Every structure is written in structure tokens, then in C-alpha cells.
Amino acid sequence: MEEEPSTSSGIKRSLPQELQDEIDKIVLKQPRTTGKTSRFRRGSEKMVGCWCMPTERNILSHQEICCSNFKKKLCYTLSIKHKLETQTFLTHLQKYPKTNKSFLNYEGVNNNKVNHGYRKAKYDYKIKSLLDFSKLFLQSHMAHYTGLDDTCDSSALLGLILNIDQFKPGVKYVADDVRQDIRNPWAHCDLTEWNTVKYLHSFRLMKNLVKDLKLRLNEESQIIGEIEKWEVNGPRFLSGTTYGFELVNEFRQQTRALAEYSQLVATETDSNFINMVNELKKLKSSSSIT
0 MEEEPSTSSG IKRSLPQELQ DEIDKIVLKQ PRTTGKTSRF RRGSEKMVGC
50 WCMPTERNIL SHQEICCSNF KKKLCYTLSI KHKLETQTFL THLQKYPKTN
100 KSFLNYEGVN NNKVNHGYRK AKYDYKIKSL LDFSKLFLQS HMAHYTGLDD
150 TCDSSALLGL ILNIDQFKPG VKYVADDVRQ DIRNPWAHCD LTEWNTVKYL
200 HSFRLMKNLV KDLKLRLNEE SQIIGEIEKW EVNGPRFLSG TTYGFELVNE
250 FRQQTRALAE YSQLVATETD SNFINMVNEL KKLKSSSSIT
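FYI, the numbering for the sequence shown is 0 to 289, going by numbering that gives the first Met the number 0.
Keep in mind the hints are simulated off the structure, nothing from the lab. Predicted, not measured: the structure shown is a model, and the values here were computed from it. Fair warning: there could be bad hints in the mix.
Stated by the list, open to error - Once the Cα atoms are required to be at most 20 Å apart in a straight line, the calculated SDA-like pairs of lysine to any residue come out as:
1. Lys94 <-> Thr145
2. Lys112 <-> Lys127
3. Lys127 <-> Gln93
4. Lys80 <-> Lys125
Turn these sequences into a full structure, and let the hints steer you where they fit.
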């Protein structure tokens, strides 16, 4: 009997073989040269989200560097005071001391929920790394990443900024706007609202987040430049201009990355995953990339 496929985090998923085959086709497709077609002028509002999310991920990769610095200091402080590395069920730190309101979540640490379900007396409460420490501040379904890298998606990174008090209120405010106005609408595949106003608003929010993170000047300039490239060139690409066709390969790579990402982090809810797959297929069809 074949083993049921699973995500990188060990969560079992159930996908019809036909659907799995379609996803594999998107991931494995190679680019080809295509002629100018009016299809580039259709569905432009729906394709905006495809640019916003990869660009946001680029921002958040730098955000994670900033976030890690805060977490290292906080983790060190709490480890000294509360001996996080030797905790047990009886002695583990239950609430974040700064607020004394937020319960720390140990389900995603040391595969606790996977191994023991809700039998929390059996959990391994030892915090052995910055990775484990970061998961304490997130909901269980957001804590499946295996490193402070691409497996730690934008939802988790934004959650860390919002749940750790080390970040200034202004950063939290913009991060919450990015989550509610960009990340969540895209994740739920509700693309009917992606119009020109939301397009411009999304890029403005991402630039504000970069500036509020107070990165090094060269890092900030590099990311802002990347954002503005897509902000300016996105409409040109969709209008079918000559310059737009030079972006076909880059767009294909972004689409493939989204397909690979959907394979990696298929959620427990197959319906949401299927919706994401359908939107990726629409993006692929609209761009004439086969």
C-alpha cells in the first residue's frame, strides 16, 4: 500500500491523482517563445496578486533578518531567566512575561502535537534553538516551517512581528495592513477585488513596510527598487508591449515558484489548496506560458 503523501512538516495530505498530475505539470513546464497575443490584456486585475506575493516574500526575507536579531536577544534573555532549554511540563514558561497575556504555544515545538496530540503532559518543552523559540508565538498551523528560510512563509513572519513586543507600534501597524490587505486576500484566492486602486495600495504598503523596518541603506534601496520595477512594469507587461514580453520568463519563474510552494505547504483543508491550484492554472493560461 502506497504511503499517503505529506508536506515537509509531516502533515498528511490527500490529493486526487489527477490534481497532483496537474500540479506536477505546472512545476515541470519549460518556457517557450510566444508571439504577441491579446490574452496578455485579459485578466490583468487577477494577475496583480501574483506579483505582490513574490515581491512581499522578498521583503519578508529581509524582514526575517531583522526579526531574527530581535528574537536572538529575547530568546537569550528568557533562557537565562527561565531556563527554557531544561523546561518540563511542570516548570515550563506558560505566558510571555512582557504582557502576561499571550500563552506560549508548544504544539509546534519538537513535533509535540504530531507525536502526542493534545496530551500536553507528554510534550517536550525544551527550547533548544531560535527556530523552536520563534514557534512559541504562532498558532500551530503557522509553525510547520523547518528553518528560518523559505519554509517560513509570509504569514508566519508577519505573525512574529505582530506577536513579539520588540517591534515598534508603527512597524506592527503596517505589518498588519500587509497581512490583511495583501497576504490574506491572495492566500484565499479571492482575486475579484484586485483592481488598479488595490494594485497601487499594495505596492505602497510594501514600500512602507520596508522603510519602517529600518534596514541598512543598501538593502532598503535594493528592495524598494525591486518593488518599483514590478509596480511600473506590471501594467506594461499586461498591455502586451514589447518591453512586457521581456518579463515573460520572470513571470513564469514566479508562477512556478508558487506552484512549488503550494506543493510544499498543502494545508489540512484540501478545498483551499484546490482553489489555489485553480488560480495558478488561470495565471498560467492568461500568460500563454506552456
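Hint-by-hint comparison with the structure:
1. Lys94 <-> Thr145: violated, 24 Å
2. Lys112 <-> Lys127: At roughly 17 Å apart (the allowed maximum being 20 Å), lysine 127 and lysine 112 satisfy the hint.
3. Lys127 <-> Gln93: It holds: about 17 Å lies between the C-alpha atoms, which stays within 20 Å.
4. Lys80 <-> Lys125: Within the cut-off at roughly 14 Å; holds.
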